[in-house]
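Given chain A's structure and the hints, the job is docking chain W onto it.
Residue-level listing of the chains:
2 protein chains.
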Amino acid sequence: MSKLQGAFLIGQSGGPTAVINASCYGAIKTALENENITAVYGAAHGIKGVLNDELWDLSQEDPNELALLPYTPSSFLGSVRYKIADPAVDDTDYKRLLAIFQKYNIRYFFYNGGNDSMDTCNKISKYMQSVGYDCRIAGIPKTIDNDLAITDHCPGYPSAAKYIATTLMEVYLDATVYDKGQITIIEIMGRNAGWLTAAASLASLKGCGPDLVYLPEVSFSMDQFLNKVEELYKAKGSVIVAVSEGIKDANGTYISEYASDLASNTDAFGHKQMGGLASILSSIVKNRTNAKVRGIELSLLQRCASHVASATDIDEALTVGAETVKRAVDGKSDFMLGFKRLSDKPYQIELIDIPLSEVANFEKKIPLSWIKPDGAGMNEEFYAYALPLIQGETAQMKEDGLPRFAKIKKVPAQI
Amino acid sequence: MSKLQGAFLIGQSGGPTAVINASCYGAIKTALENENITAVYGAAHGIKGVLNDELWDLSQEDPNELALLPYTPSSFLGSVRYKIADPAVDDTDYKRLLAIFQKYNIRYFFYNGGNDSMDTCNKISKYMQSVGYDCRIAGIPKTIDNDLAITDHCPGYPSAAKYIATTLMEVYLDATVYDKGQITIIEIMGRNAGWLTAAASLASLKGCGPDLVYLPEVSFSMDQFLNKVEELYKAKGSVIVAVSEGIKDANGTYISEYASDLASNTDAFGHKQMGGLASILSSIVKNRTNAKVRGIELSLLQRCASHVASATDIDEALTVGAETVKRAVDGKSDFMLGFKRLSDKPYQIELIDIPLSEVANFEKKIPLSWIKPDGAGMNEEFYAYALPLIQGETAQMKEDGLPRFAKIKKVPAQI
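Those protein sequences? They're chains A and W, same order as listed.
Per the working numbering, the very first residue in the first sequence carries number 1; after that it's consecutive.
Per the working numbering, the very first residue in the second sequence carries number 416; after that it's consecutive.
So here's chain A without its partners, still in its complex pose (with noise of 0.2 angstroms):
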């Protein structure tokens, strides 16, 4: 296929994690050095800096500040959550970013997201295929979600899995450390997948991990926990638990919602209290086993923690950003770069294309083979699969004793 000449423009969406930047790195330097491409932008905040004409002309940013990217979290061009209009309902949106496209007669665009911004991207793609814009669009995976489709494991997911880990297995030692019991609750994210949760268990390999783990994939049966956490509290002292937000009950409900149904649950003020699920568990398990309980949400601590980051992740988000940019040039488009697993041990993947519209708007979840019953983990099957993600240490920079981010310019494209 021929070499398409023309500008380069990524822009990042939805939620930040601690490897996004790594692999818009990838795609950014292999841009800039690749004598097809003209111009190499960064849309600020994701499609809507598209839509409102606010490009970075990323070659006039110092290179080494850029090489800091992927040891940097958080998604450095600002991120976004926009629900782009299905074309044949309401185009006004589609015509806009082709205008924008022309404008800067940008020939490659590429989104670095997870589920709602793969489903942007398909639809950015075909709209593009059905005017007739020659131009190669590709989505680059992000989400420590880890519930992209037929992809293995998605960029983001080791380093999170790699810090909770690391966290279960602090806090283990800190939760135990007294004579008296103590009830430990840790809610970890994941609204309908428990790839977060189950990464709590790896600290179980170290003999630090939750007596029990609770994932949105098995409905949860209050009755069942409390008989269990009470059973556990009164034979060993200390209980420690790891819960996914996303647990619902055998109805179908988010047992988080079961606090804001009341309006009695107001605080001082009259207002609705915001506490979430490990604190509506910790109120309720306190109740019942009149036990010291802590509730603890590693909430956005978990999603951008680059100073424990994963090597492995660090380098396969490098390497998935570059790869696409790689083959949209060599005339590939319409597709994201994912990851089939060849072996756990030694750990060997490949880069594999999937069709944008397979990947978009399908949610991957665990197998209910690789969960033991009744809140007891996870099994051999899930650590073989997890382990080789979380191997190695990341080479964050330091100054003063703490990371060192790149220092972006944000300089306004021109042309």
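Everything labelled a hint here was simulated from the structure, so no lab data went into it.
Note that the Cβ used here is the ideal one computed from N, Cα and C, for glycine as well.
Since no wrong hints were added, every one of them can be taken at face value.
The following residues of chain A were derived to be distant from chain W, with all beta-carbon distances above 12 angstroms:
id: 1; residue: Asp-134
id: 2; residue: Glu-230
id: 3; residue: Gly-252
id: 4; residue: Phe-339
id: 5; residue: Lys-340
id: 6; residue: Pro-346
id: 7; residue: Glu-350
id: 8; residue: Trp-370
Taking CB as the label site, the calculated pair distances span:
id: 9; chain 1: W; residue 1: Ile-767; chain 2: A; residue 2: Glu-323; range: 56 to 66 angstroms
id: 10; chain 1: W; residue 1: Pro-761; chain 2: A; residue 2: Ala-235; range: 49 to 59 angstroms
id: 11; chain 1: W; residue 1: Gln-475; chain 2: A; residue 2: Asn-379; range: 28 to 38 angstroms
Chain W alone, transformed into the frame defined by chain A:
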């Protein structure tokens, strides 16, 4: 002074830290190598282990495993919160302690802890003097709260400060990533002293710090706080607040107790909600601004984050532990070693002997002159103080991509 021959006993007490095992290891290693020390014991769960005659013979441990203790968080001997009586009122515990000391011929007793532990250590020291039992007794400082009197700082604080500042930088990048605004409220430990919350300000040196910082040293006005937050939210969109769990209003009431005063603050099961300060403030701020608000409680994670411990802290903890034992063997008793700051830049300290009676039960707070008014954070004096403490990265060993903690057999002591 003559060299006293006999057994060594150490206990750990109070809240865990990332480096309490480093100071303990410094003491143990020195004791194992000293010819005047005839046996090296550890007490299970601090003073309770002594009272219960639960001692472990640490000479039975693998030296290679003991050498991992500086990188293993929490208190490996187990901890306790036990308030020992005033011996003038009730000397039961002291008689029991004396009997155990005599049983094992303990002539060196070290207690590794914070404020309350130094009180315990002081009382035991005075009692043993009063009954004429010849032994050397010393406290070995630790506390993330950094509130021990006289000493410049306490082992454990630098590592917690490094974790907090690193985490703030990461959360900053995450919480400011969207084009829509967000108010993020981060709750940090410190019931009476704001040292830990002040550490959040270190992230400001890297352009990733909180907009507002509230410490227990300054009384908290809800009105002023809400006005500030609202003003910043309107001006900037994203606002990050670091707040100490121990902030109090002008009447001395903890803000964290505002919610628990109300019976209506119950969950779906009619139980009292356990949400902490971050959750309460989030509700109030949400109601005032209608912004997206996230409350984050760093909780136990800030106490034991050995994976991002300060090398300066580890080194100092090791030195304090070792030097305390050396000075005791040389004849000193009834003391705790502390640090005297000689210079900020270059950072220089010297060890100082502090009589136990001068350190027990006093709480050191942040000088008010280091705190900017109206929640605006810390000034240069705090930065000059804190920055040297967080320098250097841990040499923690990894195994399977996770921390490799010390494996301790805990062999019961026999005589």
